[in-house]
Amino acid sequence: MLRPIDLLRQGKKEELWQMCCGFIDLSLEQFMVIQERLLLEQLELLKNCEMGRRIMCGAMPETVEEFREQVPLTTYADYLPELVEKREDVLPAKPAMWVHTIGRAGEYNFKWIPLPQRFLYELEKVTGGVGLLASCNPQGNSLVKEHLKILSTMGSRYYGSGVVAHSMQQALGYDFLPSNAEGMAFQEKIETGFREALCRGLDAFGGLPSILVYIGEMFKQGAINIDTRFLLSHPTASARLIKGLIKSKLARRPMLPKDLWSIKVVVGGGADSAIFQKRVEELWGKRPLELYGGTEGGVYATQAWDYEGMTFISNLNFFEFIPEREQFKWQLDHSYQPKTVLLDEVKAGESYEIVITNFHGGVLVRHRIGDIVKITSLRNEKLGIDIPQMTFERRADDLIDIASLGRLTERVIWEAIENTGIPYVDYVARKEVIDNKPVLHLYLELRDDYIASEGSMAAEIREQFKKLDGKYRCNFYSLIGDMETMLGLKPVEVTLLPQGAFSNYIAQREAENADLGHLKTPTHQPFGQDAFPAWSFQSCCGSCASRS
Amino acid sequence: MVDKLFEVAIVLCLLIWMLIQLHYFIYPFYRSARIKIPLAYIFLVSAIALALLGYIPRGVEITASGINVDYGIWIIVIGFLFLFIVGVQDIYFLLRRRKISPDPVEHNQISYLLGAIAILAIFIPSSIVPYGGGYPIAHIGNLIVACILTYAVVAHHLVDAHVVLRRGLKLLGSYGAGTALFVLLLFLIHLVFNFEIDRTTLAVALCVGIPVIAFSIHIVDKAWQRKIEQAFIGEKYSYRKQLASFITQIRSIPNLKQFGSGLISLLSQSIDCRGACLLLPEGGSGDFAVRFTYPPAEGNPMLNLKSRHDSPVVEWLKRENTILPERNISIFPEFQSIWQQEKENIQSAKVEMFIPLINRGELVAILAVGDKRNGKLYTVEDIDLLESVASRVAASMEKEYFHEQLRAHDKELILINKLTSIITSSVSIQEIFEGFTDALKEVIPLDYATIALVEEDQLHILALSSQVSSVRHMGERVPLKGTTTEWVVEHKKSLYEADLKQLSRFWTAGHYVEEGICSITHLPLVVKDTAIGSLIIASHQPNAYSQKQIRLLEQLAWQIATPIENSLLYSRAEQRSRIDELTGLFNRRHFEERLKDELARHSRHGNVFSLFLFDLDSFKTYNDIYGHPSGDKLLNQVGRIIKNSIRGADQAFRYGGDEFIAILPHTTIDDAYVVAERVRAQIAVEMEAKNIAVTCSIGLASYPSDGVISDELVTTADTALYYAKHTGGNRVYLSSKILSEPATETGTFARGAGLSAVYALAATVDAKDPYTYGHSRKVNTYAVALAETIGLSPDDVSRVSTAALLHDIGKIGVSDKVLSKKGELSPEDWEAIKAHPRLGANIVGNMPDLVTCLGGILHHHERWDGTGYPEGLKGKNIPIEARILAIADAFSAMTSKRPYRNALCEEKVMKELRQGAGTQFDPELVEVFIGLVEDGFAKKVKIGQDPPSEQPNPQV
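Each protein sequence line maps, in turn, to chains A and L.
Numbering-wise (the working numbering), the first sequence opens with residue 1 and increments by one.
Numbering-wise (the working numbering), the second sequence opens with residue 1 and increments by one.
Isolated chain L, as found in the complex (with noise of 0.2 Å):
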């Protein structure tokens, strides 16, 4: 009776055990938080406690039905007890869990638990109630429960049996052989004494007995632990041994390179996964990117996982602080919200799960690992050692990261500073920027790199350096509209193109594509919220740039901005100060500055070069009659001019006034020649579409052999220069002509101080009549033409010059009725036309200097045959200068447009004249003028074309 008693009690007992083991194997599931002090034992304690002292149970009776078991109040009260502070307590948290969880596995897991629980809730009660004895009711409820426990962690993964079967097998060996020792002693110790077993030398066996297993299986424990995790686990026992060690140790790893490779190579293998590799945040962006794969392969397709900020992953792994499965991606509804992008790389890299890895609620890396190489699913086990480990590194790897963030922020400081010093360096961009690159292709790839900025609706190419043929050269223009810089600049953001072959927004594209360009990133330069252009820097490769190297050059775009403007303003600055601003060329200090150089540079080399210095004909005259600005205008037009008539490699000058001056490098006084006639043509050309009668005389002077210092050249140039002018302008000087010309009188030419007066007189004459314009200039050109091929001194030809611009100043006396009539003259018309030679040369001869020139002015309406006016010489008694001005006249006038009649063709022009001869022309004159003409000299300096006839005639 006493053993059935005490039977009862222990069944009782065992019972009670049960329900508390069942109560810390459900507690897991609602709480995280590891069992401190494990309360419910209080219930077992008390049942044992009872059942010693005979209230559990209170009796039990042997019948013949069977046997009848008098439970007595306090297994009532204790089951109660338990029921409402640990089974309610159960109940109410796995419902709450149930509920808020958004995890459907762990949803049917704790479904499964309450179901497990109401069955043993029906089943044990049962088995206490009158009638409910004589049934193993609570048998069929533990089997029932059982059951459902076995799918529950078949299906479900409720626990991991292998853990279980290897703890189980780790207790009974250790509590197994501890209690077989026990009952192997107590027997020889039997054996030796022959003493009585009863209940007395049995409670003295346990309590000696008890302490000599505990002491034992502690002694055998840990070693024979390590058995059983081998014997299951294998080698990677080892590896979680190793993966303990690096854990303890992790404060003496010295960076995270050796922290992060360390760990998730000891941590794939101890659980031994395919692959795996640890996310952590990139720079600034906060995006996650992979820095330690497992394989540590290049082909590893981890490699290409990352994770923007903002992802739904990164998000819920923040804020939940537990694994992620890659399955529940495609099943929670706030991963809608993820990219395809996102979907594909985390479905190559076959990621199994995310873990987070949080220090102080942020999170700090992101562990993701992949299948494992069995292809079985990952245990409890498993899933217990990630979230351990991640939990217990998280706050060091923030450290190392930490650290690591600020030594990458010291370096890329101290490129910053560098490249920004070498911008700096010099106030010339393009002249730097080799070096800038060749300093930036130390931390990034680059094949191409360029500073454009925006000028009006055009991208200036302001320094470039390229590693391939580029279609784009330093100073080029092109149109920003467009173009990527257009965007950039209206956006202030930058725009990183990874693969151009791919995708292309810009026109600009196909350029870069051209030269085999495939990422390119364009940064703005922004100076005080104003973008100015764009930093462009390129390379061959596809996605050559990340999101960190994307920063730092946007950092290093915005430290240059302000020294690239700075540069700008001086070089701008700089221009100015050597550019003339009317005339668009370049000053006379420049000049100066040049012309040293040249002779330096020339007279190391021993080459030659030239200079041309040239004057503006009559441009006094044109300022006084149509007033300084329109000066101005003539002069920025003439600068043009000259700019467009020159070669590339020479240089232009405003030398002061209307005096211009050229350098012509590595040019011979001969090809000098070519060049300075082009711009004498070209300003006669161009003044003359426009009625302007103004044209330039030019200077010739060639170093060495017309001098060696700068003064020398100048003052050559400046002779020749003189020269030109003193025999009629609109012409070309070699110095080397006046030293081949003989002496005059005075030795030289002197600047009449009168010459200006005949200009003007002259400009005065044309002005009377519109079909007359330029008249004296042609007959100007023409006269000192034949004057030099019949080998007239300098002087005479001079002379006959100034006769032929002022030859009709007499017409100032003539009616404007008279000059512009389109009909026949009158007799009385005609007497006053031909008073005009002697009015002519009263005005001249009150001017002691262009007294020489009266015979020319009075004469040149006088005929080869005497009849001419005003005073009928005949022959050679008419003046040289006369005779030559009544052909050049007579020229000039058919080849002109007048008011009754058209210009007459060339080859009628050359019979008038031919007819004339003896007549009304000296015929020896005649002859070599129309030699001349026939020469194709008057198409030459063209001449002889009339203004169209609607032109208004502001000739001067």
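Next comes chain A alone, as it looks inside the complex (with noise of 0.2 Å):
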């Protein structure tokens, strides 16, 4: 079986762009015939086991839209307990893998996905795919080639992420620096990695884009310990940082890793990529192509050396979108089966909850991953891709995502206040965007006369979230370290109500004649949800206040 590696050896540059990167090339009509067709495959292999009859509803679709028709929408829930007790024998294909995400599915803690052989070996040819994008200069050329050395920033293979870094270091033969990283923690794997960078030099960058400012922030800032007598036993290290000093001792500023390496290719991808792309820029010397992915399907689009919207894969899952009105329609009611529409039938400008259809012999089928995905535009005008192009815009489910490090649900956010022990009246949660940076901001009215300080509460509100990872695993903090100090983020915000606002404004929407269930403004209000906006509901404090 041809791998994009043993093309990338034999130096047919021009096979492995077809191969990997082809897909940019396809018209919507080919990327339908291809969404359709490997559809079709994975329908026979559903039908053939148990968990696809089951999830199926027995039926056996023969056509795209008898599978539209007959198959339900499924959440996580739907393929309990099989996934999480990993039984092989209901499922379509013979796993290769099992891949966890972080977050909890229903009673258990983790969601299991298994990849079968073909669908990683796909995966394998799109993530080359993205390293190719990502290597590319302005003109679109790609300057990939074997043994380039990449910083391991990433979680191990048996997360979504690390299969994917896993899946694009087998496409093009990087090396992982550390090139022995088993066991250690996060800050020894940066530091070792540093190292052997300086030695080696380092070519290549990925992960979360809140990660990699974190990195260079720790870089600036000295965090990242390189002792003299490794610079003194390593001359080829000391030479590169004094290039970098004297680079940036020209520019008037600290030393930045750009300063010591001309990195070809940095991948990012998750919430709020956007709000640090500027940043990785700024201390890596080059823009993350951002790509949009998760445990449950691999990749499901990336963006191209022009960083503006991204293209769909074609080959990793079936895509379907439930256009906003039909999601909200199931928002009010949870038994309406929302309508959903394919690729050739959205709009630009419009946002659609994206459902996806795993091929290959992957297991989900209708699935709702949870986000809501905007459509820029048909058509990638600059690089003549024919295929509708998207960015990510926030979750569709209750989790309120900072920087894809914490993904806060009600509950959590909830326990959380409980337990600082401060009597309060409401509050409402909401994920803001404060100085370009992702907020999580509590509005609290608390009980009679407590006083407290905003900034205390905050703190506090902090500290208990800490704790609670533990029990949720919502890794809000504990995955790498101080994440606070070296982003400058902030992460939880309070304002404190005046007494009365809640039921002041309860009252103001019973004088708008509003029905029962839209009286009080929803508790939990993930980033960009519009439905009952928490402006409104300050306004309505402040007027209160005014008043008093």
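Derived from the structure by calculation, the hints contain no laboratory data.
Every value quoted in this text rests on a predicted model; they were computed, and no experiment measured them.
It cannot be assumed that every hint is accurate.
Dumping the calculated DSS-like pairs for lysine-lysine here, alpha-carbon to alpha-carbon at most 30 Å [what the hints assert, rightly or not]:
{"no.": "1", "chain 1": "A", "residue 1": "Lys-145", "chain 2": "L", "residue 2": "Lys-690"}
{"no.": "2", "chain 1": "L", "residue 1": "Lys-343", "chain 2": "A", "residue 2": "Lys-13"}
{"no.": "3", "chain 1": "A", "residue 1": "Lys-145", "chain 2": "L", "residue 2": "Lys-493"}
Which chain A residues stay away from chain L? Per the calculated CB distances, all over 12 Å, these [as the list claims (entries may be wrong)]:
{"no.": "4", "residue": "Arg-9"}
{"no.": "5", "residue": "Phe-23"}
{"no.": "6", "residue": "Arg-68"}
{"no.": "7", "residue": "Glu-182"}
{"no.": "8", "residue": "Gln-187"}
{"no.": "9", "residue": "Ser-238"}
{"no.": "10", "residue": "Arg-287"}
{"no.": "11", "residue": "Lys-329"}
So the derived label-pair ranges between C-beta atoms look like this [unchecked claim]:
{"no.": "12", "chain 1": "L", "residue 1": "Phe-93", "chain 2": "A", "residue 2": "Ser-156", "range": "50 to 56 Å"}
{"no.": "13", "chain 1": "L", "residue 1": "Gln-89", "chain 2": "A", "residue 2": "Gly-285", "range": "43 to 49 Å"}
{"no.": "14", "chain 1": "A", "residue 1": "Thr-63", "chain 2": "L", "residue 2": "Arg-319", "range": "20 to 26 Å"}
{"no.": "15", "chain 1": "A", "residue 1": "Glu-29", "chain 2": "L", "residue 2": "Ser-388", "range": "30 to 36 Å"}
{"no.": "16", "chain 1": "L", "residue 1": "Asn-321", "chain 2": "A", "residue 2": "Ser-27", "range": "15 to 21 Å"}
{"no.": "17", "chain 1": "L", "residue 1": "Pro-125", "chain 2": "A", "residue 2": "Asn-436", "range": "27 to 33 Å"}
{"no.": "18", "chain 1": "A", "residue 1": "Arg-54", "chain 2": "L", "residue 2": "Gly-361", "range": "43 to 49 Å"}
Don't be surprised by glycine CBs; every beta carbon is placed ideally from N, CA and C.
Hey, can you piece these two chains together into the complex? The hints should help.
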């Protein structure tokens, strides 16, 4: 079986490009043909397995239309308990490996997803393509070669992001720095990686953009220890450091990673990527190529060398899109089956909840991964890509995601506030971007005459989040270290509301003849949710305060 | 000086010639059409002409520093014209081709050609400019170009080096030998004639010699070429010759089989590949399947190669009309849609490339070629050969394919017609199904076939043909839910399960696997857009059916659906014509047919059979009281009871009104009695359970002892029935018993006109008192039994029976309050009650047919000791029927529940009877009756049971 690395080694870069990045040359019609045909293959696999028959409710669709009519939309709970019990006998294809997400799935700690061998093979080509696109110069010429040195900042290969990194390494023959990161803590891994990079060079870099900034800031602030003995015993490293020092002195600023290395490939993705992209470029000298993916389906879309909208990947998942209006209907009545549209039916400028069906023996069928994407345009005019372009907009469910690091559910936030022991009447939690940084903003009305400062409240709630991480694995702070300081994040903001704010708001809503279900503003408001904007709540409170 | 001028002219002409050759070398990389007129040679001809005229070059000057050449304006003109007409065209088309080509190999090849052109474009003008001539710039340029092209040939297969070598050798050999011959001849002539070789003689020699050389080359060329080819290609050469001959004689090949197998064999050997196959479209679906392989061995992995009509490989070949290397399937993005199975098939078949056979824009066939025997890559010459053969045979292949399709279609039509005519040959599908499957077996593998029809929520196995012991059987009904037929009927689509052992989607699969079935196809039977069931065809072999066969079966199912439905409708109509709708039993007409058949059959084989005729007792009264709808309902229930009580081989019929008849084949009269008794008892039990005072009487007759013709048998059974009726009903009477008994005065029992009135009167009495439900009928049963036991004549028994039924008729005149009073009776009440025997006698006395019963009715309350009422008769002065009735009446009363007490147990009743013997009852009769009871008589007739107390009292 021909693999990207074979072509790279043979020097057949033209063929490598075709294999990995050829999808950007597909017409929309060709894209849809691939989607349809692979779906039909997947349906055959699903019909022949226990899980598939259960998920499809015994339906045996033979066309895309029948599939969309007869098969219900699913969430992870529909696959329980088989997936968390890793029941391979019920799956459409034998998995080559199981990966898991961070986050609870019903009664279970993780979402386990099986990845069949063929899916991994196809993923390898796709990630190879992402690597090639990330290495392109502005003219679109790829500069990739084997044994590029990449700093290992990703999770293990049993996480979705780890699989993508591992797959890219397999496709393009990257060398991870440090070469043996097994069992190392994050900080140690970074320091060892940096030392090796000083000696051997650094060509590529990938991960969550917030982490890329974090590492850059660590370096900038001297938090990465490189001792003198090491430099003395490694002249190459010393020379590189001297070169960096000269460059930084000439630029009259602290030394940055870009002074040491000329990075060819930077890949990043996740919530709030757009917020951190510029800082990554400032620190590392190259803008990260954004990709959109997940544990559930590998890579869904990627940017090209123009760093604009992302192009959908045709051969890993079948895409359906729930228009916002349909999604809203579903929010009002969860028994409603929202209608979906296909990629050739989406409209530019509109937002959709994305629904995926895995190809190549994957298990997820019409699965709502809980993301809202925006179709920015129906084609990329600049690069001549005929496939609709997208950007990640927000989560569709109740998760509040801060820089992809903290995934907070309504329950976690409630428990954190409760655990502070501070008496309160009610609160509203909302994701906001303040000073170009993602923030969880809590609007609290304290009970009676309890007096507390907003700052101390925020600090106390942050502490509670840290404690709750062990229980919920919301992963808000524990992953890599002091992200707050390094990134300058202040992830929790508290605004105290005047007494009677909530009751006044409800009275006002009653006066507006709002129905019972809409009297109170939702406690939990993920970013971008406009149905009950917090600002209206604030304005109401403001008016209440001024009247009093 | 002149010589130098001449040499320079030659060099310049050669340069132009080289550039023209380069153009023709590049041309095929951007245009596939062959060059018809080599117009570029105009430049060469012009250059030669100008050189001969002395315009190119204008002059040569030899100085101390070297040679200065005055090239003149014309060489610049020719150079620029060539550059703008030919060079720009080449560069433009190469760039365009490079841009649009999806093939990375071609992309790379063009890049190297463009590189070579760029080098020439730089170095050749540089060698002409002043100061450039002093250095070997042109040579350096040519050397670089040669290096580039050599690398392109080696690494990117720019040209086939073998072909170049072979053709080079051939040309060298031909022209070298010709030139050598010419030089030799010239030298010999020079020796002989001793003339001076100058320009004139040289020109003359050339004018004569060139045609001579050309002629000699023409003569030896083919032989020389053959030798070269044989030396280089070896045995492949002969195959290629055969292939060429095969293609020229293609029109004379009689059928597709010879065409395909011959072509694939010769082609494979010509290019020395390990294996090759030819895929042709399967009729209808458009999917491509392997038809011919080389080597044509069973184990050839190419046999499994298939390509769906929507496969990207098929689409690509159709669109691009060029060879598709297997490697590109892993590289080009549009092949992302290829299925894993398709990919695995291609890999396991070790296909190296696909070649399309296209005629008039349609993909006729696909040629799949495996790797070379020597493990090397295919040469450009091999590929040229494949392309050339593919383009030349496509039209003929299509024609032969269509011919074959037509023939196959004709055969299919004949087969379908044959099978349809079998199906329509009889209205009984079951009868002709074996013949149908036998005919079908001739064209497809078949070990199991069935027609399953949907009937509400059940699946009815209408017909079945199986080579194995089937768990299903004809006529069986199984739940429809979850069966494959349910899916097929719902979707109106056929469903083929290629290997049930590997995969089964429906619960029914387990049964088939148990029977050893592997492949099964379910085909919907659709009539007027409604699926009525499925035709199921199965085989023990996995993957037994091809798409073509399934399509044939689909057509067949479509054809036979209507005849099956018609047959079904006919069978239902026929069934209805034989069935009595009210009772669900067969009707009288069918009885007569069946009786004739049975008589014929049994007379032929000398066997016995029996029949029994039965009639419901008191049915008319029931009908009169409760109305005809209730009567109909009762008949329906009786029909069901009869159906459930007779044996599987027996048949029951409604004979008319409330009369039924049953035929019991191969059954003696004794065995028939058992069956008849079971029917009678079952009716009695079920009717009693429903508080319906209806029983049945049965008359039995047997062939041949009771008659040998139908009328005779029925009349005998009828007579026995009336004996049964006459002797109290609810009994089975044998025809032999009638004959053994002495004839009455009338010779036989005649049906009394007023008998039905008796039952009506008895029912009226019972209706007055809920606690005496069925009392008169019970008394009748006991009294008749006692009368028969003591040996009374049938007339007397009949009289006893009638008296028993009517013994309480006088209670009509007793107030309901008294009859249903729970407390102690007052003297007035007693007086009223004691009056009922006389009142009854008065009623009956007015009916001439019943006068004989008067004694029994009037005196049934007399006591043996003379203390009874109404007349205080004593001992044997009391009529025998009255004494019998007294015992039966007392027994019935004691074993029944009364408002003032529960029913007594049997022991207590016996004790009471014994105590009453000689005081209340005739002691002799008591002893006989006790004997009867002790023999279990009461239990056998299932009497003496009380109705539940909470039951209402619609008694008759």
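These are the hints, each one checked on the structure:
1. Of the supplied pair hints, the one linking Lys-145 (chain A) and Lys-690 (chain L) is violated, its CA atoms being roughly 95 Å apart against a limit of 30 Å.
2. Note on Lys-343 (chain L) and Lys-13 (chain A): the hinted pairing holds, with a Cα-Cα distance of about 23 Å set against a maximum of 30 Å.
3. Annotation: proposed proximity of Lys-145 (chain A) to Lys-493 (chain L) is violated, straight-line Cα distance about 53 Å (limit 30 Å).
4. Annotated as non-interface, Arg-9 (chain A) keeps its C-beta farther than 12 Å from every C-beta of chain L; the closest such distance is 14 Å.
5. The Cβ of Phe-23 (chain A) does not lie farther than 12 Å from every Cβ of chain L; its closest approach is about 5 Å, which violates its non-interface assignment.
6. For Arg-68 (chain A), the requirement that its beta carbon stay farther than 12 Å from each beta carbon of chain L is met, with the minimum near 16 Å.
7. No Cβ of chain L comes within 12 Å of the Cβ of Glu-182 (chain A); the nearest lies about 33 Å off, and the non-interface call holds.
8. Under the 12 Å C-beta cut-off, the non-interface status given to Gln-187 (chain A) relative to chain L holds; the minimum distance is some 41 Å.
9. Every CB of chain L is more than 12 Å from the CB of Ser-238 (chain A) (nearest about 42 Å), matching its label as outside the interface.
10. The Cβ of Arg-287 (chain A) lies farther than 12 Å from every Cβ of chain L, with a closest approach of about 26 Å, so its non-interface assignment holds.
11. Distance to chain L confirms Lys-329 (chain A) as a non-interface residue, since its nearest Cβ pair spans about 29 Å, more than 12 Å.
12. In this structure, Phe-93 (chain L) and Ser-156 (chain A) meet the distance hint of 50 to 56 Å, their C-beta atoms being roughly 53 Å apart.
13. Judged by the Cβ atoms, the range 43 to 49 Å given for Gln-89 (chain L) and Gly-285 (chain A) holds: they are separated by roughly 45 Å.
14. Checked against the hint of 20 to 26 Å, the C-beta distance between Thr-63 (chain A) and Arg-319 (chain L) comes to roughly 23 Å, which is consistent with it.
15. Checked against the hint of 30 to 36 Å, the pair Glu-29 (chain A) and Ser-388 (chain L) passes, with Cβ atoms roughly 33 Å apart.
16. A beta carbon spacing of about 20 Å between Asn-321 (chain L) and Ser-27 (chain A) agrees with the range 15 to 21 Å that was offered as a hint.
17. Checked against the hint of 27 to 33 Å, the C-beta distance between Pro-125 (chain L) and Asn-436 (chain A) comes to roughly 59 Å, which is inconsistent with it.
18. Checked against the hint of 43 to 49 Å, the pair Arg-54 (chain A) and Gly-361 (chain L) passes, with Cβ atoms roughly 47 Å apart.
In summary, the structure is inconsistent with hints 1, 3, 5, 17 from the numbered list given earlier, while agreeing with the others.
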